[in-house]
Amino acid sequence: MSHTRDEKLAAIGRVIDTLDILRVKCPWDAKQTNESLRANTIEEVYELAQALLNDDSEEISKELGDVLLHILFYSKIGDEKGQFDIADVADKLNNKLVFRHPHVFGTVEVNTCHDVEQNWEKIKLKEKGGNRTVLAGVPTSLPALIKAYRVQEKASNIGFDWEQPEQVWDKVAEERAEVDEAIAAGDKDKIEAEFGDLLFSIVNAARLYGINPENALERTNRKFIHRFNHIETRAGEMGRRLSDMSLQEMDQLWNEAKQPDCE
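In the working numbering, the protein residues as written are 12 to 274.
One or more of the hints may lead you astray.
EDC-like mimics (lysine to aspartate or glutamate), calculated; alpha carbons at most 20 Å apart, straight line [what the hints assert, rightly or not]: (1) Lys-92 / Glu-55; (2) Lys-158 / Glu-203; (3) Lys-19 / Asp-40; (4) Lys-87 / Asp-77; (5) Lys-42 / Glu-58; (6) Lys-92 / Glu-164; (7) Lys-133 / Glu-164; (8) Lys-87 / Asp-67; (9) Lys-42 / Asp-96; (10) Lys-234 / Asp-262; (11) Lys-42 / Asp-90; (12) Lys-36 / Glu-91; (13) Lys-73 / Asp-90; (14) Lys-107 / Glu-91; (15) Lys-234 / Asp-102; (16) Lys-87 / Asp-31; (17) Lys-107 / Glu-120; (18) Lys-87 / Glu-69.
Everything labelled a hint here was simulated from the structure, so no lab data went into it.
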């Protein structure tokens with residue numbers, strides 16, 4: 012279903028009006044602060060991420076609404092403090108989009124998506140109040156896997172990258188060998204450091220081949236969970252407990268779970 016622009020604006024307006032009422036008349040909504048909402052906001056974003064992974068349009072629409080509520084709530088709190096309101100938020104976003112897309116709203120010419128990304132990073136370094144360094148825009152609180160991908164991506168956008176994707180495999184092999192050396196030496200701190208380097212190089216390899224490692228790993232997580240649940244279910248059907256089964260027996264059920272009709 013597609014709505015007109017006026018219908019979309021009216022819908023947003025109704026949510027703003029409802030939130031204004033709740034902020035006054037609902038004890039829970041009235042006491043919320045930026046600090047109290049923060050944890051809930053993170054949870055809502057993760058729930059949206061899950062809906063996106065499931066490609067569930069109904070859930071995506073619902074979770075987007077929850078995230079939108081938090082954006083409007085923070086804007087309402089900002090308005091109450093006399094700092095900013097939702098109009099300021101929208102205006103800043105619009106100004107940023109126009110400024111960072113000179114190939115659309117200006118005279119800059121680009122030919123590929125990579126050209127756009129490179130130009131984007133250069134603009135962010137120049138804009139007032141923007142990032143002072145290339146990697147400054149990567150949030151320090153990001154999960155490590157996503158952070159590794161983002162810092163590599165940003166470095167690539169200013170030209171610091173492998174010339175050909177296949178070159179990265181020598182680095183992966185080098186890091187793998189250094190893990191072996193650290194394990195042989197029995198140095199726990201060194202082992203951790205070298206595993207970090209190996210993981211970083213694997214993330215880099217995925218990026219170079221156009222794969223988002225977060226999505227790839229989550230895909231494998233879901234596959235493992237599905238197959239392990241199959242093992243547990245089949246063990247129950249056999250009147251067995253997993254803790255009492257041999258590795259060979261569990262492996263047989265694992266191979267069973269890998270069959271097309273079980274996937």
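Status of the hints after comparison with the structure:
1. For the given pair, Lys-92 sits about 24 Å from Glu-55 by alpha-carbon distance, which is inconsistent with the 20 Å threshold.
2. Restraint check for Lys-158 and Glu-203: the C-alpha separation of about 18 Å stays at or below 20 Å, so the hint holds.
3. Straight-line distance between C-alpha atoms of Lys-19 and Asp-40 comes to about 25 Å, which puts the hinted pair past the 20 Å bound.
4. A C-alpha spacing of about 15 Å is found between Lys-87 and Asp-77, which places the hinted pair at or below 20 Å, so the restraint holds.
5. For the hint pairing Lys-42 with Glu-58, the CA-to-CA distance comes to about 24 Å; that exceeds 20 Å, so the pair is violated.
6. For the hint linking Lys-92 to Glu-164, the alpha-carbon distance of about 37 Å lies beyond 20 Å, and the restraint is violated.
7. Under the criterion of a C-alpha separation no larger than 20 Å, the hint pairing Lys-133 with Glu-164 is consistent with the structure, at around 13 Å.
8. Taking the CA atoms of Lys-87 and Asp-67, the gap is about 30 Å. The hint is violated against a cut of 20 Å.
9. Only pairs whose Cα atoms come within 20 Å are accepted, and Lys-42 paired with Asp-96 is accepted, the gap being roughly 18 Å.
10. Distance hint between Lys-234 and Asp-262 is fulfilled; the C-alpha atoms sit about 15 Å from each other, no more than 20 Å.
11. For the hint linking Lys-42 to Asp-90, the alpha-carbon distance of about 15 Å falls within 20 Å, and the restraint holds.
12. Restraint check for Lys-36 and Glu-91: the C-alpha separation of about 15 Å stays at or below 20 Å, so the hint holds.
13. At roughly 26 Å between alpha-carbon atoms, Lys-73 and Asp-90 are farther apart than 20 Å, so this suggested pair is violated.
14. For the hint pairing Lys-107 with Glu-91, the CA-to-CA distance comes to about 25 Å; that exceeds 20 Å, so the pair is violated.
15. Between the alpha carbons of Lys-234 and Asp-102 the distance comes to roughly 43 Å, so the proposed pair goes past 20 Å and is violated.
16. Pair hint Lys-87 plus Asp-31 holds up; C-alpha atoms about 8 Å apart against a cutoff of 20 Å.
17. Straight-line distance between C-alpha atoms of Lys-107 and Glu-120 comes to about 18 Å, which keeps the hinted pair within the 20 Å bound.
18. Proposed proximity of Lys-87 and Glu-69 is contradicted: the alpha carbons are some 27 Å apart, above 20 Å.
Checked against the numbered hints given earlier, the structure breaks hints 1, 3, 5, 6, 8, 13, 14, 15, 18 and satisfies all the rest.
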